[in-house]
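Go by the hints and put chain B onto chain A.
These protein sequence lines are chains A and B, in that order. So for the first sequence, numbering that gives the first Met the number 0 puts the first residue at 0; every next one is plus one. So for the second sequence, numbering that gives the first Met the number 0 puts the first residue at 0; every next one is plus one.
Hints should not be assumed to be uniformly reliable.
Heads up, simulated BS3-like pairs for lysine-lysine below, C-alpha to C-alpha not over 25 Å straight-line [said to hold, decoys possible]:
| id | chain 1 | residue 1 | chain 2 | residue 2 |
| --- | --- | --- | --- | --- |
| 1 | A | Lys25 | B | Lys25 |
| 2 | A | Lys25 | B | Lys51 |
| 3 | A | Lys51 | B | Lys25 |
| 4 | A | Lys51 | B | Lys51 |
These aren't lab readings, by the way, just hints derived from the structure by calculation.
Number of protein chains: 2
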Amino acid sequence: MSARFPSRLLEEAVNEFASLPGIGRKTAFRLVMHLLRRDSAEVRRFGETVTKLRDDVCYCTLCHSISDTPVCNICSDQSRDTSLICVVENVQDVMAVENTRQFKGLYHVLGGIISPVDGIGPSDLTIANLEERVRSGGVKEIILALSTTMEGDTTNFYIYKRLSGYEVCVTTLARGVAIGDVLEYTDEITLGQSIINRRVFSLPSQG
Amino acid sequence: MSARFPSRLLEEAVNEFASLPGIGRKTAFRLVMHLLRRDSAEVRRFGETVTKLRDDVCYCTLCHSISDTPVCNICSDQSRDTSLICVVENVQDVMAVENTRQFKGLYHVLGGIISPVDGIGPSDLTIANLEERVRSGGVKEIILALSTTMEGDTTNFYIYKRLSGYEVCVTTLARGVAIGDVLEYTDEITLGQSIINRRVFSLPSQG
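Looking at chain A on its own, in the form it has when it is part of the complex:
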């Protein structure tokens, strides 16, 4: 599939798709052939949507989430609790927490996680902006909702230290056995932690 294309336009389109992560040349070719069979207006809309996304999308000046406006619709929502900030790695995580419908505060998107291996330090993330939000007052609690990995723990610890001078409660997500997990197959560290952090049994509340 590497050799002579019958059309330069075809080759360029295949190259563009193959430049995306996880898309090989065979898949790229298949996607391009699919687009060729699609309606011309549909394909033009596809191309324009991609270009518009990159040119017009902006980041919320408060929470740094992706937004169509300078302040995103979560930050500008008057009904939300502005004293509560949930710190997440990226926009996907904002959506994941939003989908639980359990959180009515605001967010702060770090734009990554501290990872020396990948060369990502605190200054590459929006941690200074988070500190600024805390300094400007009105924030009672910071919920650290990062991945439960080494990098997540490092970032949690760094933010905790950085905010230690402010009157704000720093919390993290509960860690334990996931809902639906079979105990036999739960890893020992999770199981051990969930024994240490056991809770008084209560009947499930009616949300």
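Here is chain B on its own, set in the frame of chain A:
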């Protein structure tokens, strides 16, 4: 991942990518997030390439392969043998045969294969154009290079019958044990056919 997007532009872009075959919503999201991190000019080029492909690409009036010009560079190549036409299903197959460097004739792209299950009949393919090429003269051999499936065999047979009134030799690709195949794991139909169609042993020619 199905719920509220923080940005309409983001949602539209994810929807566009998710409309491609084999790309789910999670993958679409990942691709869009990747594009957001890419250089603006690169993403614009991506969008424009896709749009241009659909609007500007054309099909060769002779062989019906994808082309940038009304007659493709294979059909317009003076050094190729115009008496030999290799019939293939699609452009990928043209490229596959070209990559072997064993064929110096022309091609004819059917644009599919006869498949009653998918509602594809002979009139949906470029078989009438193939007949027209044979009728206009100068063609000595038609090589049927279709998949060795039920649909491929049906299409082979249909084209063979349709061209039976013309003075042209219709051939098909050799079928047999693939190079590198272990005999023990070769299916019995292929093996049976390759015994029936056995050839006189000869030392491999120095290509």
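So, going through the hints one by one against the coordinates:
Straight-line distance between C-alpha atoms of Lys25 of chain A and Lys25 of chain B comes to about 20 Å, which keeps the hinted pair within the 25 Å bound. Straight-line distance between C-alpha atoms of Lys25 of chain A and Lys51 of chain B comes to about 21 Å, which keeps the hinted pair within the 25 Å bound. Restraint check for Lys51 of chain A and Lys25 of chain B: satisfied, since their Cα atoms lie roughly 21 Å apart, inside the 25 Å limit. Distance hint between Lys51 of chain A and Lys51 of chain B is fulfilled; the C-alpha atoms sit about 16 Å from each other, no more than 25 Å.
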